[in-house]
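Q: Each chain, written out:
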Amino acid sequence: MKAVKRMSNSSRPPKEKISSYQGVMVSFAITIGTLFITMTREIGSISGEEAYIAVPVAYLISALLLVPVFIFNSRFPGKRIGEYSQIILGRFFGKLLSLMLMLVMVAVAALILRNIAEFWGAALMPETPPWFFLITMVILVVYTLIKGFEVYARVCQILFLIVIGSLLFLVIASLLRMDTENLLPVFYRGWEPLLRGCVRMVGFAAQYAIFSGVLCGHLRDGRTLTATGLRGWLGAGLLISLIMLAVQGVFGPQQVAKFVSPPLELAKIIEIGGVARGLEALIVSSWIIAGFLQVSAYFYTASILLVDTFPRLQFAKALLGVSVPIFAGAYVIRDQEQLFALFPIMRMYLILPAALGAFGILIAVAFLRGLLKKSPSPGRKIGEEEEEGTG
Amino acid sequence: MKIKSRKRKPVKLTDILGQSQTDQLNSDQAHLEANPDQRQKDAPGNQRRKNYKKPPQMPLVGILDIDLSEVKKRFGNNNSDIIYREFVAGGCDGVPMALVFIDGMVDKNSINDSILKTLLVQVHQIPPDAREGKRDPEQWVKSALLAIGEVKEVSTVDEVVEAVLSGDAPLLVDGMTSAIVTGVKGWPTRSIAEPDTEAIVRGAREGFTETLRVNTALIRHRLKSPDLRVEPFRLGERTKTDVAFLYIKGLADEKIINEVRTRLRSIKVDGILDSGYIEQFIEDHPFSPFPQVGNTERPDRVVSYLLEGRMAIIVDGSPFALILPSEMNTFMQSPEDYYDRPFTVLFLRVVRLIASIGALLLPSFYVAVTTFHPELLPTPLALSIAAGREGKPFPPVIEVLLMEFVFETLREAGVRLPRPFGQAVGIVGAIVIGQASVTAGLVSPLLLIIVSLTAIATFAFPSFLVANSIRILRFPLIFLAAASGLYGIVWGLIFLTVHLMTLRSFGVPYFYPWAPSSGRAILRDTLIRAPLWSMRKRPDAVRPQDIIRQKKDMKPGPRQKDGTNESGEADE
Numbered sequence: 001m002k003a004v005k006r007m008s009n010s011s012r013p014p015k016e017k018i019s020s021y022q023g024v025m026v027s028f029a030i031t032i033g034t035l036f037i038t039m040t041r042e043i044g045s046i047s048g049e050e051a052y053i054a055v056p057v058a059y060l061i062s063a064l065l066l067v068p069v070f071i072f073n074s075r076f077p078g079k080r081i082g083e084y085s086q087i088i089l090g091r092f093f094g095k096l097l098s099l100m101l102m103l104v105m106v107a108v109a110a111l112i113l114r115n116i117a118e119f120w121g122a123a124l125m126p127e128t129p130p131w132f133f134l135i136t137m138v139i140l141v142v143y144t145l146i147k148g149f150e151v152y153a154r155v156c157q158i159l160f161l162i163v164i165g166s167l168l169f170l171v172i173a174s175l176l177r178m179d180t181e182n183l184l185p186v187f188y189r190g191w192e193p194l195l196r197g198c199v200r201m202v203g204f205a206a207q208y209a210i211f212s213g214v215l216c217g218h219l220r221d222g223r224t225l226t227a228t229g230l231r232g233w234l235g236a237g238l239l240i241s242l243i244m245l246a247v248q249g250v251f252g253p254q255q256v257a258k259f260v261s262p263p264l265e266l267a268k269i270i271e272i273g274g275v276a277r278g279l280e281a282l283i284v285s286s287w288i289i290a291g292f293l294q295v296s297a298y299f300y301t302a303s304i305l306l307v308d309t310f311p312r313l314q315f316a317k318a319l320l321g322v323s324v325p326i327f328a329g330a331y332v333i334r335d336q337e338q339l340f341a342l343f344p345i346m347r348m349y350l351i352l353p354a355a356l357g358a359f360g361i362l363i364a365v366a367f368l369r370g371l372l373k374k375s376p377s378p379g380r381k382i383g384e385e386e387e388e389g390t391g
Numbered sequence: 001m002k003i004k005s006r007k008r009k010p011v012k013l014t015d016i017l018g019q020s021q022t023d024q025l026n027s028d029q030a031h032l033e034a035n036p037d038q039r040q041k042d043a044p045g046n047q048r049r050k051n052y053k054k055p056p057q058m059p060l061v062g063i064l065d066i067d068l069s070e071v072k073k074r075f076g077n078n079n080s081d082i083i084y085r086e087f088v089a090g091g092c093d094g095v096p097m098a099l100v101f102i103d104g105m106v107d108k109n110s111i112n113d114s115i116l117k118t119l120l121v122q123v124h125q126i127p128p129d130a131r132e133g134k135r136d137p138e139q140w141v142k143s144a145l146l147a148i149g150e151v152k153e154v155s156t157v158d159e160v161v162e163a164v165l166s167g168d169a170p171l172l173v174d175g176m177t178s179a180i181v182t183g184v185k186g187w188p189t190r191s192i193a194e195p196d197t198e199a200i201v202r203g204a205r206e207g208f209t210e211t212l213r214v215n216t217a218l219i220r221h222r223l224k225s226p227d228l229r230v231e232p233f234r235l236g237e238r239t240k241t242d243v244a245f246l247y248i249k250g251l252a253d254e255k256i257i258n259e260v261r262t263r264l265r266s267i268k269v270d271g272i273l274d275s276g277y278i279e280q281f282i283e284d285h286p287f288s289p290f291p292q293v294g295n296t297e298r299p300d301r302v303v304s305y306l307l308e309g310r311m312a313i314i315v316d317g318s319p320f321a322l323i324l325p326s327e328m329n330t331f332m333q334s335p336e337d338y339y340d341r342p343f344t345v346l347f348l349r350v351v352r353l354i355a356s357i358g359a360l361l362l363p364s365f366y367v368a369v370t371t372f373h374p375e376l377l378p379t380p381l382a383l384s385i386a387a388g389r390e391g392k393p394f395p396p397v398i399e400v401l402l403m404e405f406v407f408e409t410l411r412e413a414g415v416r417l418p419r420p421f422g423q424a425v426g427i428v429g430a431i432v433i434g435q436a437s438v439t440a441g442l443v444s445p446l447l448l449i450i451v452s453l454t455a456i457a458t459f460a461f462p463s464f465l466v467a468n469s470i471r472i473l474r475f476p477l478i479f480l481a482a483a484s485g486l487y488g489i490v491w492g493l494i495f496l497t498v499h500l501m502t503l504r505s506f507g508v509p510y511f512y513p514w515a516p517s518s519g520r521a522i523l524r525d526t527l528i529r530a531p532l533w534s535m536r537k538r539p540d541a542v543r544p545q546d547i548i549r550q551k552k553d554m555k556p557g558p559r560q561k562d563g564t565n566e567s568g569e570a571d572e
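Protein sequences, first through last, are from chains A and B.
Note that this note's numbering has the first sequence beginning at 1, numbered continuously upward.
Note that this note's numbering has the second sequence beginning at 1, numbered continuously upward.
These aren't lab readings, by the way, just hints derived from the structure by calculation.
It is possible that part of the hints are untrue.
Here are a few chain A residues that sit away from chain B, every Cβ distance over 10 Å (derived from the structure) [to be verified]:
1) T136
2) F187
3) Q314
4) E337
5) I363
Label pairs and their calculated CB-CB ranges [what the hints assert, rightly or not]:
6) G370(A) / R263(B): 48 to 58 Å
7) L320(A) / S534(B): 45 to 55 Å
8) K17(A) / L353(B): 22 to 32 Å
9) Q545(B) / P129(A): 31 to 41 Å
10) E254(B) / V332(A): 52 to 62 Å
11) Q545(B) / F93(A): 45 to 55 Å
12) P378(B) / K258(A): 42 to 52 Å
13) R220(A) / F475(B): 21 to 31 Å
14) A341(A) / S534(B): 22 to 32 Å
15) A341(A) / E375(B): 23 to 33 Å
16) L161(A) / P289(B): 33 to 43 Å
17) K392(B) / K17(A): 52 to 62 Å
18) K392(B) / I172(A): 34 to 44 Å
Partner residues are not named here, just some residues of chain A that face chain B (Cβ under 8 Å, in silico) [as the list claims (entries may be wrong)]:
19) K17
20) W120
21) L124
22) P126
23) V142
24) Y143
25) R154
26) I158
27) L159
28) T226
29) L282
30) S285
31) I289
32) F340
Remember, predicted model here, so these are calculated numbers, not experimental data.
Just so it is clear, CB atoms sit at the ideal spot from N, CA and C, and this is done for glycine as well.
Bound-form chain A, shown alone (with noise of 0.2 Å):
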């Protein structure tokens, strides 16, 4: 009780506030971003021939790491998970979830940020060392989320189109290549391709989960967010099924466990009428897009959360403070391969963990402390009865 007073007086500034059309976009550029780029591969050699299933099914079952979300987000509507955790587990112990989770966001920015300087390097500039794109980006980033979270949705409306259109382009151009013969047989080894590969994903789904405890708190409409995230969500899906599906169907699942980046292979092969060829280079220009607008949500979450743990802190100062950590956590990493060793490893025994049990504990508390069951008089919210003193 004391801490939403607490935090009710604070001189943070209002919430800026986003349709529901622009959190699917955001949305998708946190799921989609440049996940594509890498995560093909990965559950092609996990999967096989059953990848381009493992996808979609993947992310159905996923989407139900975000039900605790939107739970909370009915319960405490308009409030970030950075908020509503200092009302379940109280200041200390919300605090320092929050904390927990910042870290977790510190650490899954850094290393989205160095797989993109490594694949920008290595597809458009190969003598360009990743620092120069990470101080480049990490600058853009900065100047994009210091103008605020409704100028970063925007611009998400308006780029994240690009990187849609690529992507169908790639999907609609490789139709003449695929080759069924790539997608079969199935399941001749059983399910359990099936299912480490959907593992694997849901790894994606926990950042996605943290993400859209941040998000609910910047939907205008508060009782969108079942909708806006479950669009983005099952979006995202269909769009990376598809790229998977197309992938697979032109290479092969061999040949995909292989590349580096097959959707960049895939681009490299694309002839239109004999005349249009070596479209890569300007396919990769709008994943620089795609990069950007996932790092931003990462830059964004990691801010607020920390904004959120230490309320007298401005939200400038807060992504300065994120950034430096972020930057050095990128630069810091060795090479590529060291890259790629990192990535299961963050999202099995950090993302996933720090994702199913920070909502746990909530639900868990929550529960116990009577706070998710529905409020007496229907539109009233739970931290405005505990201000007034009749929680």
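Chain A is fixed; fit chain B onto it per the hints.
A: For chain B alone, coordinates are given in the frame of chain A:
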């Protein structure tokens, strides 16, 4: 019966102003006469704002000699163009009067025929019985003797001076504590002509002139609505420029109207010489390369914007009206778009969009491809470029910058030179210098094509304001492309997009209706211009109070036998 001059005992200033105010005035006057430099220093604008105190307004005392001498004092003795015409209306024992005006700023015919002639000559033709009881000279002169349409009264010397400076002719009458300002403005003006900056194929040929009243009349001529408001402002402490703020009452958003009023009132500057001055004082983001206030020379365009619920500002002395709020979308539209068929407009807008992308990106793309990504090109083209670039002394970025600089110089020279010379310089420059630089081996032929295409694409914009922004932004993108190829270009474009998303024009997001998005607005009037009969609602960007523009089911079509058209609307 003649108008008699009323004999009065001499009135002193102290009788009217009171002792303290008279003392203040006298001491100020004496101080200024003793220190002529102080007058200059104390002038508005030269003084520090915090010390600036407006001088007290001096009322007219009703004694012609005193009032006239006060007016003369304000203008000083060295103004040869200020005319003080003193006369006695109604014969030798009539009322002494004086008309003050600036030679060249008034219509002399009006002065002679409608003021002097009536006061000096025709006053005798009025039957004596008609003049019975007309003892009040103010009413008598105003209602019976001045054959002028625009007449108003002022009561202070400062207002008299301001009226003279505005081109009116105040009439000071002995015995009257107010002066009658006669609206006789009439200076030589440019005739109405087709605007050079907004030439169109189909549509009106009229453009604004430099005279405020001509411009407002051009708008009134097209918009015969009593709801059209033309609010007057006088800006510039020295220039006293007349400014008109136009909007349609009941249509434009009151909040934006109030915001514009507030911003206009907050302008405290010595002079306003063009609408461009006002634009820079009222825009939301002064350091952005993108314009946030539109401008036009076309009255039809102003009217169309007013009908959308926008507002306009017209400045005396400028043929450019300001349009606000203005989003990016409005800068890509031409008035012609609404006169042509929708499919033609769609085609033209697509051409403009491609031209804008080309104008912004073509040179930087050339640099990126030739320097970093030759694999992007088909092999024959790549070989052709390589052959063209063989033996060239400069790297692509220097070539591009050199040719862009040459082009911008030619363009600037073409604008400054008299028109026939300007065209000649443009053609000679483009052909001779371009050809010579290729022959001399300084630049490759492909680059010449690229720079020419870029230049032509720049001219495809309906608004030169955005064209100028794109001209400027091309250069940082060229540098970014030279530094890091396509990555640099995309980085620059993201930066530009973020900047565009932060802009607002009077509270309206600059990139509306794309972000924040409105599907209805996108389909109505962005790249697609829906048929006029289907545009039932006004654009909601500027939150018009009355959103409905026309009645439902306006789709035209042949009449059916039962007297209805295709959409079922009954024939009236």
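Q: For each hint, tell me whether it holds in the structure or not.
A: Hint by hint, here is what the structure shows:
Distance to chain B contradicts T136(A) as a non-interface residue, since its nearest Cβ pair spans about 6 Å, not more than 10 Å. The beta carbon of F187(A) sits about 41 Å from the closest Cβ of chain B, which is more than 10 Å, so the claim that it is off the interface holds. Every CB of chain B lies more than 10 Å from the CB of Q314(A), the least distance being 18 Å, so the non-interface label holds. The non-interface label for E337(A) is consistent with chain B: the shortest C-beta to C-beta separation is roughly 23 Å, beyond 10 Å.
Distance to chain B confirms I363(A) as a non-interface residue, since its nearest Cβ pair spans about 34 Å, more than 10 Å. Between G370(A) and R263(B) the CB atoms are about 54 Å apart, so this pair conforms to the stated range of 48 to 58 Å. For L320(A) paired with S534(B), a C-beta distance near 50 Å keeps the hint of 45 to 55 Å intact. Judged by the Cβ atoms, the range 22 to 32 Å given for K17(A) and L353(B) holds: they are separated by roughly 31 Å.
Distance hint for Q545(B) and P129(A): a CB-CB separation of about 58 Å, inconsistent with the stated range 31 to 41 Å. Between E254(B) and V332(A) the C-beta distance comes to about 58 Å, which sits within the given range of 52 to 62 Å. Taken as a hint, the range 45 to 55 Å holds for the pair Q545(B) and F93(A), whose Cβ atoms sit roughly 52 Å apart. The beta-carbon spacing between P378(B) and K258(A), approximately 29 Å, falls outside the hinted interval of 42 to 52 Å.
Checking the proposed 21 to 31 Å range against R220(A) and F475(B) shows it is violated: the Cβ atoms sit about 39 Å from each other. About 59 Å separates the C-beta atoms of A341(A) and S534(B), a value inconsistent with the hinted range of 22 to 32 Å. Between A341(A) and E375(B) the C-beta distance comes to about 31 Å, which sits within the given range of 23 to 33 Å. One distance hint, 33 to 43 Å for the beta-carbon pair L161(A) and P289(B), is violated here, with the actual separation near 24 Å.
Checked against the hint of 52 to 62 Å, the C-beta distance between K392(B) and K17(A) comes to roughly 55 Å, which is consistent with it. Taking 34 to 44 Å as the suggested C-beta distance range, the pair K392(B) and I172(A) conforms, at roughly 40 Å. At a threshold of 8 Å, the smallest CB-CB gap from K17(A) to chain B is about 11 Å, leaving the interface hint violated. Here the hint on W120(A) is kept, as its CB sits about 6 Å from the closest CB of chain B, short of 8 Å.
The criterion of a C-beta within 8 Å of any C-beta in chain B is met by L124(A), whose closest approach is roughly 5 Å, and the hint holds. Given the 8 Å rule on beta carbons, the hint for P126(A) is violated: about 10 Å separates it from the nearest Cβ of chain B. For V142(A), the interface hint is violated, since its Cβ never comes within 8 Å of a Cβ in chain B; the closest pair sits about 11 Å apart. A hinted interface residue such as Y143(A) counts as satisfied when its beta carbon comes closer than 8 Å to some beta carbon of chain B; here the least separation is about 6 Å, so the hint holds.
Taking 8 Å as the C-beta cut-off, the interface hint given for R154(A) holds, the closest approach to chain B being about 4 Å. The criterion of a C-beta within 8 Å of any C-beta in chain B is met by I158(A), whose closest approach is roughly 5 Å, and the hint holds. The restraint placing L159(A) at the interface with chain B holds, with a minimum CB-CB distance near 6 Å, inside the 8 Å limit. Given hint, T226(A) at the interface with chain B, is violated; its Cβ is 21 Å from that chain's nearest Cβ, farther than 8 Å.
Interface restraint check: L282(A) against chain B, minimum CB-CB distance 7 Å, threshold 8 Å, status holds. Because the closest C-beta pair between S285(A) and chain B is about 5 Å apart, less than 8 Å, the hint holds. The interface hint given for I289(A) holds, since its Cβ lies 6 Å from the closest Cβ of chain B, which is under the 8 Å cut-off. A distance limit of 8 Å between C-beta atoms decides the matter here; for F340(A) the minimum to chain B is near 22 Å, and the interface restraint is violated.
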